[in-house]
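Given these sequences and hints, build the entire structure.
Sequence lines, in order, name chains F and L. Residues 1 to 261 in the numbering used here are what the first sequence lists, from first letter to last. Residues 262 to 569 in the numbering used here are what the second sequence lists, from first letter to last.
These are calculated hints, taken from the structure and not from any lab test. Quick caveat: nothing in here was measured; it's all calculated off a predicted structure. A virtual CB, placed ideally from N, CA and C, is assigned to each residue, including glycine. You may find that some hints are simply not true.
What the hints assert, rightly or not - Per the computed footprint, the stretches of chain L lying under chain F, defined by three or more beta-carbons under 8 Å from a beta-carbon of chain F, are:
1) 308-316
2) 322-335
3) 441-447
4) 458-466
5) 489-502
What the hints assert, rightly or not - Below are the SDA-like pairs computed for lysine to any residue, each with C-alpha atoms no more than 20 Å apart in a straight line:
6) L/Lys299 <-> L/Ala354
7) L/Lys345 <-> F/Ser224
8) F/Lys8 <-> F/Gln75
9) L/Lys318 <-> F/Tyr208
10) F/Lys42 <-> L/Lys299
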Amino acid sequence: MNKRVTMKIGRIEEETAAVRTYTFYRGIPAQPGQFIMVTDLKGGEKPFSLADCTEDYFSITVKKTGEFTGRLFAQKAGDLISFRGPYGTAFSLSTGKVLVLGGGYGVPPLYFLARKLLADGAAVTVVNGAKTKADLIFTGQFNKIGLRQFITTDDGSAGAAGSLVDLVQSILRDETFDFIYASGPEKMLKALAPLLKKIPYEFLLERYMKCAIGICGQCVMDPSGLRLCVEGPVISGRQLERLTEFGRYRRDVSGRRIPLT
Amino acid sequence: MHTALQTNFLGIDLASPLVLPAGIMGLSYSGLAVAARKGAGMVTTKSFTLQPRTGHKGPVVAEWSGGILNSMGLCNPGIEEGLKEVHAFREGATTPVIISIFGTSREEFVKLARRTNRSDGNFLELNLSCPNVADEFGTPLSASQEKVSSIIYHVKKISRLPVIAKLSPNVYHIREIVSAAEAAGADAISLINTLGPGMLIDRKMGKPILHNRFGGVSGPCIKPIALKLIYETYSAVSLPIIGMGGVLTGEDAIEMIMAGATLIGIGTGIYYRGIDIFNLVNEEILRLLSDEGYDGIARIQRLEKLRE
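Now the structure itself:
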């Protein structure tokens with residue numbers, strides 16, 4: 001059984017105008033890639049990947065997108081939040097030379113991952129991509145832990161101009177890696193997958209989740225029946241190849257197929 | 262699958278008596294397919310309604326030491342999309358399918374049943390017992406003998422598929438209700454739906470955990486109640502029974518059969534033992550049968566029926 005914990009928000013930091021990181025002073029037994037279900041008990045419970053977790057604290061990064069996250073943005077340090085978990089699969093921690101690819105709001109769980117990889121002695125390169133300079137997150141945090149970081153923005157307002165996929169393509173022309181990790185918009189992941197044929201990789205995927213304990217069927221992916229809340233959210237390249245819905249559609253809150261745009 | 266597990270249900274041979282019940286994994290074809298691949302002899306869809314439903318806001322489940330509490334709120338893609346999922350499932354599997362439907366009135370049930378006449382389903386299950394939409398629709402229909410009787414009678418008149426009535430445990434007069442279902446023409450009975458509903462509280466926030474406040478109780482704690490209601494049903498009617506409620510092991514499954522069940526549903530058990538639970542329970546049943554010297558589950562001795 002996973003225990004529900006209700007506790008005070010320890011600290012709130014602004015990453016961008018629409019993205020904030022919430023830190024809670026409590027250790028939980030979580031690994032990079034795993035998620036917790038977060039609620040204010042006012043209607044709505046959403047999954048959040050852990051942006052960091054130690055014996056003393058854990059944090060999640062929230063993007064303001066709707067009613068629920070809007071309420072979270074109105075919260076202050078000291079206000080109560082309730083969560084359950086951790087749930088789901090974690091990234092495997094490779095040694096050697098690894099490449100970590102994060103697009104937009106997909107970046108936070110990769111910070112937790114990169115920190116663990118470094119601690120295990122891996123040589124870590126991060127590619128941090130966003131639409132514009134104003135949307136970039138965690139660049140300072142990555143610099144602080146001492147790894148090589150490439151920055152890319154679609155409009156060229158910071159780092160290399162163009163898509164993260166283009167930059168990754170040019171990096172892979174010059175260098176080879178033992179393992180690749182990625183998290184970000186599904187279109188980005190879909191475009192990345194064909195570039196990674198020769199290198200083992202793991203992606204962190206997103207689907208609408210409700211129960212998070214593998215019974216409601218909401219986040220089951222076609223056609224393999226993978227339950228993203230239990231057999232994901234981190235899946236291997238080999239698992240990904242079997243998911244025909246990847247990059248094509250997802251299911252909405254009622255279970256209807258919605259094409260990915 | 263081993264022949265000792267083969268079970269005939271209303272004329273159809275199933276490779277295993279284990280069934281994926283309504284509301285578990287059954288939102289999409291691949292959710293049904295994974296249960297079938299993992300050893301379920303039959304699978305049931307999520308209850309489909311005329312229009313798509315988004316269900317309740319979260320939290321929709323709460324875990325506690327005795328089991329889980331859920332109030333999904335009948336989220337489903339609607340009957341049209343739902344039947345497409347059933348079709349996609351049947352394209353890749355031979356495992357029979359029960360299509361579950363939920364209506365708020367006799368007329369809605371009849372309308373939904375008509376749509377399933379031209380579908381790839383093998384059986385039609387009437388969800389007369391969802392405990393989680395009382396705010397919207399009032400007390401579950403299965404609390405009333407008259408409503409149960411009238412809905413089954415009118416659906417039976419038009420349904421091409423054999424009709425299973427899914428009933429609630431939250432009644433004092435199960436024998437009258439199942440007898441009414443039998444008299445109205447039901448082909449089988451499925452029980453129990455979740456118990457209660459119940460409530461769990463977050464002490465620090467001073468609020469119920471589920472956004473719907475109340476939710477159906479499932480898990481090992483409900484097994485004794487399930488066994489009792491299956492036994493009462495078995496004593497009162499001569500219809501085949503899909504029995505469920507708290508089944509986690511082969512022992513539990515055999516107890517369900519002894520109480521009168523023909524098939525056994527496993528839902529919340531997936532939470533406890535993973536999606537492999539169907540294969541695990543199949544193997545456990547086989548081991549228990551061979552320990553007892555039985556060549557098949559048909560040899561399991563039922564309890565003596567309760568007298569009037």
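We went through each hint and held it up to the structure:
{"no.": "1", "hint": "308-316", "result": "holds (count 4)"}
{"no.": "2", "hint": "322-335", "result": "holds (count 8)"}
{"no.": "3", "hint": "441-447", "result": "violated (count 0)"}
{"no.": "4", "hint": "458-466", "result": "holds (count 4)"}
{"no.": "5", "hint": "489-502", "result": "violated (count 0)"}
{"no.": "6", "hint": "L/Lys299 <-> L/Ala354", "result": "12 Å, holds"}
{"no.": "7", "hint": "L/Lys345 <-> F/Ser224", "result": "17 Å, holds"}
{"no.": "8", "hint": "F/Lys8 <-> F/Gln75", "result": "10 Å, holds"}
{"no.": "9", "hint": "L/Lys318 <-> F/Tyr208", "result": "13 Å, holds"}
{"no.": "10", "hint": "F/Lys42 <-> L/Lys299", "result": "38 Å, violated"}
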